[in-house]
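Enquirer: Spelled out, the chains give:
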Amino acid sequence: MNAQAPVVEMTNISISFPGVKALDGVNFRMFPGEVHSLLGENGAGKSTLIKALTGVYAIDSGPADSGEILLAGNRVSFAGPAQAQNAGISTVYQEVNLLGNLSVAENIMLGREPRRFGGIDWRATRRRAVELLRGLHLDIDPGSLLGSHSLAVQQLVAIARAIDVNAKVLILDEPTSSLDADEVAELFRVIRELKAEGVAILFVSHFLDQVYEISDRLTVLRNGKLVGEYRTAEILRLDLVQKMIGKELAILDALERRIVEPGGGEDDEVPLLAATALGRKGSIAPVDLRVYTGEVVGLAGLLGSGRTELARILSGIDRPDSGELVIDGTPHRFRTPRSALARGVAYSSENRRAEGIVEDLTVRDNIVLALQADRGWFHPISRKRRDELAVSYIQALNIRPANPDAIVRNLSGGNQQKVLLARWLAVAPRLLILDEPTRGIDVGAKAEIQKLVVNLAENGMSVLFISAELEEVLRLSSRIAIMRDRRLVADIVNDDLTVDSLLAIIADGELTAVER
Amino acid sequence: MNRMFSSRLFWPVVMLLVLFTINLVAFPGFFSLEVKNGHLFGSLVDIARNGAPTLIIAVGMTLVIATRGIDLSVGAVCAIAGAVACSIILGSPEPGSIGTVAVAVIAALLIALVLGLWNGFLVAVLGIQPIIATLILMTAGRGAAMLITEGQILTVNSPPFKVIGSGFVLGIPVSVVIAAVIFAAAALLTRRTALGLLIESVGINPEASRQAGVRSRGLLITVYTFSAFAAAIAGLILTSNQTAADANNTGLFIELDAILAVVIGGTSLAGGRYSLLGTLVGALVIQTLVTTVYTVGIPPIATMVFKAAVVTAVCLLQSPTTNATFGRWRRSLGRGRPGTRTAERASVS
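Quick note, the sequences are listed as chains A and B, same order. Here the UniProt record's numbering is used: the first residue of the first sequence is 1, the next is one more, and so on. Here the UniProt record's numbering is used: the first residue of the second sequence is 1, the next is one more, and so on.
Only chain A is shown next, with the shape it has when bound in the complex (with noise of 0.2 Å):
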């Protein structure tokens, strides 16, 4: 394949930002008919160097920036993703960011519908998208809303949109972070067809498992600089990891299997938190659940079981239609998120952009955020307090950069994750509930993370731990509860389950397809 000339030949680019470093002489090359996975923690650079490879950077535009990029032996300078996508470098985001509410066709075909008399040519339009969804075998009316389809449906859908552009490079970022294993199959199925046409195909994820299945070499980065680009089957995975993260995986050892004791062992200790019949009607069936103080307890599911909904009703956000809670013995009835968390009871969203961080806002406001709005706006924080916050927290989960006039919008994924978590540990909550604090982010923060809850928990704070990787949840609890189809099946101790047992149940009985 070395015999073959590099279709995509990235020289020493180099990206600022404010504050930020996010590229440092960085060299990628890319042959034509590979999988090329880019790896790397949150922050290393990935989404920075995808950005200068398609144009939305253009790396001569500030004087700290520079590099060059050779595109089939050509020197390419991109003012922009459409010069990109024109040059054939194709482009599908890891959020789908097409139209829900237009058609397949159109989305496909989205202002590059063939035109005839002045018009949109719709009759063309629909013939080419129906090709297009052929050559991915992806079988469904090319007249359905987008919206009406599943998210992995719809990642197809931009394939399909990004290849018609007779592209040469087509990059996905993360695409599988929303697919189940099936879906994974069919992407996997569709990536192999691609390559074996000679396009070169950058793959960008966080499962390791897939990068080795999919991938014929990879490139890690590490803190904004190239740590190297090796053939996947040569790299062992341990190394590769210890290659991203740049130091020993003790932190990940130490942390196996160090659980927390099992709270609530006495039979007369008051639970912290007892949802009794806690419901909402089109949300989740009545629950029952404690938690004791200082435990993890986790809170297992798939995607729609009802996990979130769950944590929501419990932390103010959605008010519940039944049931009662009690908070230390005494019923509460939560009407904001205020309330919660004024009797101690924080949620930190899955959806850290839409309902987390604040992006505009320093890092600095965003960790007192909380903790000024409980103190209500006229008993500001004062300025030294808020600087002696913002430099613990950075210090102590390690938030980069280590800067607390940073503007979050500017931090990578992990470092937002950081800084919405040191919001909520500012108002020292007694129960945290941390839906997937751990997504899309790097092996080395989702350790830190990690390391963090369990010894939150030994400091005496219960945590409700949600995530879909049921390892993460098999380490961290003391207690795991399981949802399935918007009910809570099983609450149970975790002593000697395994993440078949936790599957099984899951599954209820049914044997699934594992993907991991």
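Since the hints were made in silico from the structure, they are not lab data. Remember, it's a predicted structure, so these values are computed and weren't measured experimentally. Don't take each hint at face value.
[To be verified] For the chain B half of the interface with chain A, some residues (derived, Cβ under 8 Å), not all of them:
id	residue
1	K36
2	A144
3	E207
4	Q211
5	T325
For glycine and all other residues, C-beta sits at the position ideal for the given N, C-alpha and C.
Starting from the known structure of chain A, fit chain B onto it as the hints suggest.
Expert: Chain B alone, transformed into the frame defined by chain A:
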């Protein structure tokens, strides 16, 4: 610090300086200040005095806009406040007594507070879009003012009332002092407390703020009430200055000037981070423009077009696209400072 200053206030300040220069060329005595009868006089004083109502309203508007809202009703509130005050003064047996004027002013301000609460209620409790919610009062308010004045222009002859719009205290126009107090009060109230942070947070991400325990409902009601309060003060100044309440014309289109002042000052209509200092510069730019029209001798019929041209220029200069283009020019001329991308640029992600 330096970077923030240049990105937000640089062009409005440049524009203000350019306008000053034009005035200075056309009228060499532009910067001269003199004291007559113990009162400060001069073109700059005129700009400050005539710009005071716009500035006062723009301060309230800044906070409203920071919450992602807008208040179109301020002009109508001006008219109502003036109408209420004047009708009370006219209905009193002693229009010239300080007590009467005090009652009139307090009544006008109280009514404005009610109107502000109404706007806040529509936006924060009923969840109506701010532009629609305040449009209701914008149209209905003029009608209400007409009812109060019974369709007449109420001319008052009350020396204490006249002081508000045309009096002096320690040689400085009263209206300028009032504007300074409102500006300082707003700045202290939002920046010395956590009000500013919470307002910005609600403006940037309402749902995240709610989950963090921010009481956005109370915040919204507060800013709309403050906006109406400020509008009433501006209305009193305008009415006092004209010694008459004109339900149709008092504060007409002042909401547009106020919104312009906020935008020129660099606060985004999309809400979030706001700059009161920027609003101050914006209000001065707008008022200086009006003055320039007179000093340079532009025919009054062309005033609006001239104003539009300047506003367009400022907005163009502030746009991220233009900034990027300027940046490229600067670099291609080889004088590029080793700076970093602006926040706007980075926000493409």
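Enquirer: Hint by hint, note whether the structure agrees.
Expert: Results for each hint:
Taken as an interface hint, K36/B does not check out: its beta carbon lies about 44 Å from the nearest beta carbon of chain A, beyond 8 Å. For A144/B, the suggested interface contact is broken, since its CB lies about 32 Å from the closest CB of chain A, more than 8 Å. For E207/B, the interface hint holds, since its Cβ comes within 8 Å of a Cβ in chain A; the closest pair sits about 5 Å apart. Hint on Q211/B holds. Least Cβ distance to chain A is approximately 5 Å, under the 8 Å limit.
Using the Cβ-Cβ criterion of 8 Å, the hint placing T325/B at the interface with chain A is not satisfied: the shortest such distance is roughly 10 Å.
Violated hints, listed in ascending order, are 1, 2 and 5; each of the other numbered hints is respected by the structure.
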